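> For the record, the sequence lines run as chains A and B. The first sequence lines up with residues 1 to 119 when you count with my numbering. The second sequence lines up with residues 1 to 110 when you count with my numbering.
Please keep in mind that the hints were generated in silico from the structure rather than gathered at the bench. Here the structure is a predicted model, which is why all the values come from computation and not from measurement. Hints may contain errors.
Below 30 Å or equal to it, Euclidean Cα-Cα: the simulated DSBU-like pairs (lysine-lysine) are [unchecked claim]: (1) A:Lys87 x B:Lys106; (2) A:Lys63 x A:Lys12; (3) A:Lys63 x B:Lys67; (4) A:Lys12 x B:Lys67; (5) A:Lys87 x A:Lys23; (6) B:Lys46 x A:Lys63; (7) A:Lys63 x B:Lys43; (8) B:Lys43 x A:Lys13; (9) B:Lys67 x B:Lys106; (10) B:Lys46 x A:Lys19; (11) A:Lys63 x A:Lys87; (12) A:Lys23 x B:Lys46; (13) A:Lys23 x B:Lys43; (14) A:Lys87 x B:Lys46; (15) B:Lys67 x B:Lys46; (16) A:Lys63 x A:Lys13; (17) B:Lys106 x B:Lys43; (18) B:Lys43 x A:Lys12; (19) A:Lys87 x B:Lys67; (20) A:Lys19 x B:Lys43.
Pulled a few chain B residues facing chain A out of the computed Cβ check, cut under 8 Å [what the hints assert, rightly or not]: (21) Pro45; (22) Val59; (23) Phe63.
Cβ-to-Cβ under 8 Å is the rule here; a few derived chain A residues that face chain B [said to hold, decoys possible]: (24) Phe52; (25) Gly56; (26) Thr59; (27) Gln62; (28) Tyr80; (29) Asp89; (30) Gly104; (31) Phe106; (32) Asp107; (33) Trp109; (34) Gln111; (35) Gly112; (36) Val115.
Here a beta-carbon is modelled for each residue, glycine too, at the ideal position from N, C-alpha and C.
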Amino acid sequence: QVQLVQSGAEVKKPGASVKVSCKASGYTFTGYYIHWVRQAPGHGLEWVGWIFPNNGATTYAQKFQGRVTMTRDTSISTAYMDLGRLKPDDTAVYYCVRDGVSGGAFDIWGQGTMVTVSS
Amino acid sequence: QSVLTQPPSTSGTPGQRVTISCSGSSSNIGSNTVNWYQQLPGKAPKLLIHSNNQRPPGVPDRFSGSKSGTSASLAISGLLSEDEADYYCAAWDDSLNGYVFGTGTKVTVL
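Based on the sequences and whatever the hints tell you, model everything.
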């Protein structure tokens with residue numbers, strides 16, 4: 001079936017970087033945008049950015065520009081989000097999601113990856 | 001910081017109809033389609049409504065969406081206990097060149 005499977009939980013110190021992976025299966029990986037969305041504990045959803053696996057094009061939310069890099073490896077249908085210079089308020093569940101329709105209709109969600117930033 | 005405003009909470013008894021509003025601006029709801037997500041406790045969000053009023057396969061027709069100008073709304077009719085969840089609206093924002101989510105609304109079934 002169509003699914004996105006993410007890498008496991010991470011604990012990082014402030015100032016470090018984290019790289020989260022998202023493996024797609026059950027559909028043509030290069031045909032759909034992959035977005036990253038995060039949710040801090042007890043808070044709402046926040047969009048981080050997107051990557052188009054077909055050509056590697058990216059767009060990042062202004063808040064994360066300069067700190068986030070999204071890449072993909074089409075040979076293994078996997079997208080990656082690398083977030084650097086981590087701060088405690090980056091502590092959140094990070095989801096990769098597929099834009100399945102258009103205009104940001106996220107129809108498939110990964111299971112989420114908990115990233116904890118603590119000294 | 002969310003640019004789409006929703007009421008923090010709403011509630012209803014089983015069988016009732018509840019509506020959730022989502023207020024935006026000309027750069028987001030006013031010029032792009034609205035999507036709605038349901039997040040059950042401890043779970044990942046799920047797409048509930050896309051393109052203002054379209055239900056993905058498997059979503060009951062108790063859920064309906066609408067949009068007018070710079071606002072949108074989600075209606076849940078025949079409320080069930082399983083509808084107790086957080087609901088988020090979302091849309092692309094042309095000014096921010098990014099996707100924005102609403103502040104979220106917690107629905108409680110009394």
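> Is the Cα-Cα distance between Lys87 (chain A) and Lys106 (chain B) 30 Å or less?
Distance ~28 Å between Lys87 (chain A) and Lys106 (chain B) Cα, so the pair holds.
> Given Asp107 (chain A) was flagged as interface, is its beta-carbon under 8 Å from a beta-carbon of chain B?
5 Å, holds
> Does Lys12 (chain A) pair with Lys67 (chain B) here, judged by a C-alpha cut-off of 30 Å?
42 Å, violated
> With a cut-off of 8 Å on the beta carbons, see whether Asp89 (chain A) makes it to chain B.
13 Å, violated
> Could you check if Gly112 (chain A) really has its C-beta closer than 8 Å to a C-beta on chain B?
Since the shortest Cβ distance to chain B is 6 Å, the answer is holds.
> Under 8 Å is the threshold here; is the Cβ of Phe52 (chain A) close enough to any Cβ of chain B for the hint to stand?
This hint is violated: Phe52 (chain A) lies away from chain B, its Cβ roughly 14 Å from the closest one there, beyond 8 Å.
> Does Lys23 (chain A) sit within 30 Å of Lys87 (chain A), going by the straight-line distance between their CA atoms?
Holds - the C-alpha atoms of Lys23 (chain A) and Lys87 (chain A) are around 26 Å apart, at most 30 Å.
> Under the criterion of a CB-CB separation shorter than 8 Å, is Trp109 (chain A) in contact with chain B as hinted?
Status holds, d = 4 Å.
> Classify the hint on Tyr80 (chain A) as holds or violated, based on whether any CB of chain B lies nearer than 8 Å to its CB.
Not OK, violated: Tyr80 (chain A) not within 8 Å of chain B, min 19 Å.
> Does Lys13 (chain A) sit within 30 Å of Lys43 (chain B), going by the straight-line distance between their CA atoms?
The hint holds at about 26 Å.
> Do the alpha carbons of Lys63 (chain A) and Lys87 (chain A) lie within 30 Å of each other, as the hint requires?
13 Å, holds
> Can you confirm whether the C-alpha distance between Lys23 (chain A) and Lys46 (chain B) stays at or below 30 Å?
Distance ~19 Å between Lys23 (chain A) and Lys46 (chain B) Cα, so the pair holds.
Checked against the numbered hints given earlier, the structure breaks hints 4, 19, 22, 23, 24, 25, 28, 29 and 36 and satisfies all the rest.
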